[in-house]
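**Student:** Sequence:
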Amino acid sequence: MPFFKGRGLLLISTGFILGLLGFVVYQGESATTFFSGLQQTVAYGTGWLLIFIMNAALLFALYLLFTPLAKVRLGGPDARPEFSNFDWIGMLFAAGMGIGLLFYSVSEPLQHYASFRPYIGNDAQTARISMEMTFLHWGLHPWSIYALVGLTLGFFHYNTGHKLSFEAPLQELMSPARARRWGWIANFAAVVGTLFGITSSLGLGASQASAGIAQLSGIQASSNLNLAVITVVCIVAMISVLSGLGNGVRILSKLNLLVAGCLMLFVLFAGETLFVVRALGEHMGAYINDLIRLSTWNETYTGTNWQSKWTVFYWSWWISWSPFVGMFIAKVSWGRTVRQYLLGVLLVPATFNFLWMTVFGSNALYLELFANANFAELVSNAPSESLYRLLDYLPLATLTTAIAVMVVLVFFVTSADSGALVIATLTSNGNEPSWRQRFFWVASVGLVTAFLMNAGGLEALQSAAIASGLPFSLLLLAFIPALLIALKRPFVQPPRLYKPSTATEKSTD
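In terms of our numbering, the sequence shown opens at residue 534 and continues consecutively.
Note that these hints are calculated values from the structure, not bench results.
Quick caveat: nothing in here was measured; it's all calculated off a predicted structure.
Possibly wrong hints are sitting among the right ones.
[What the hints assert, rightly or not] 16 Å max Cα-Cα, derived EDC-like pairs, lysine to aspartate or glutamate:
1. LYS842 x GLU832
2. LYS1021 x GLU705
3. LYS787 x ASP620
4. LYS696 x GLU965
Work the whole structure out from these sequences, hints included.
**Tutor:** Here it is in structure tokens:
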């Protein structure tokens, strides 16, 4: 069978990528201008909508927790989890951990501190608000989006026998013919969103890995070094696809999570341990107390554009990632009740994110507030170097910097491989994709990342993530009534029911 035969979504997606790359290559200056203006324009016009959607997803998840629908099982009343609680929670950690936490754990609190200090004045209050905003961006809201997408995919796959695609929930709201048409559009929006969500992460990873390599080797960080990192990582991901070393990559990913956890513990105990422990409780209390106010703030009366660079970018980024993370969570959640699913997906990764951000962010703020390190200015000028700058203040700086670079690179490989798998699954109509498609999408992800970074750096990647997250965000609003209707319907064993014994291998892809 020819590669593209019967694959309209794959053809359209490929044409979109080629058009984007052509625009970047042949309209270099225009592309740079376009991406620099896109972020602010889209954020100003639609930021309020993204904020509304994120809050709606969280409120829906909380609603389901306290209704009889929370007893519904993914797979039917007789289904039981195929993974133990420990293994399942470990997989949720894997889904919630990645390049973004490594890049922003030091740079985000310090950049917020530098931005807010002229307006607040009080250093202690500025530091607290900086951590509150960091918790907002990495807390319950992003995981409510992932939970919504994963629960929707999982329920319609396990309980109704549909493929892993976004057509099934739309059939609850419209005719089958119309659902097919809109489902195709939804899948295309998911492909584009996932593509730009992955490229944003890979762009962060490339710049951070390059900064670490430059610090260790003495060479200068540059766009050429970024390109070399992207090329090497994508080649490694391609080799894993071609050689069938998927299990090896997954084992490496789990080992990487362990190493990252050890790095966090090292920073906790080698840094200001008591300060961090005290700060964690204060951060959690402030986050819970101010959650409603923070999550609905929209810069209405300030006339500023801070949110377009932070909150709106994050909400778009998480929405872009939601098909990827949601599909992964759905694949490993067979047999869980809705209550078990939501408590695990909302609380476990968010709590870990809070701990991670506090360990790194509070140590960085300590240097700014009490060590006269002028750390906020340093980090604001070079955010990709921020993690390594913090490690320089701790023992074994060279060793820990090398470990941090290794962790970033391994997350880079697994993100490229896993993201390509999800895009390939969507463009294969929900079926298991061939190695050719996975290879093609790994190459596409690498090319788009490289060209967008060349066109406008991280700002271009952020702009693309914001623009691509908007179409899929509208689909999320349709998921809520569709899932609510389907959950209330009595379970009838579908003709094509998911079987754990045959799907265990797929669930770990």
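**Student:** Next, verify each hint and record whether it holds.
**Tutor:** Verification of the supplied hints:
no. : hint             : result
1   : LYS842 x GLU832  : 12 Å, holds
2   : LYS1021 x GLU705 : 12 Å, holds
3   : LYS787 x ASP620  : 11 Å, holds
4   : LYS696 x GLU965  : 10 Å, holds
Hint compliance for this structure: every hint is met.
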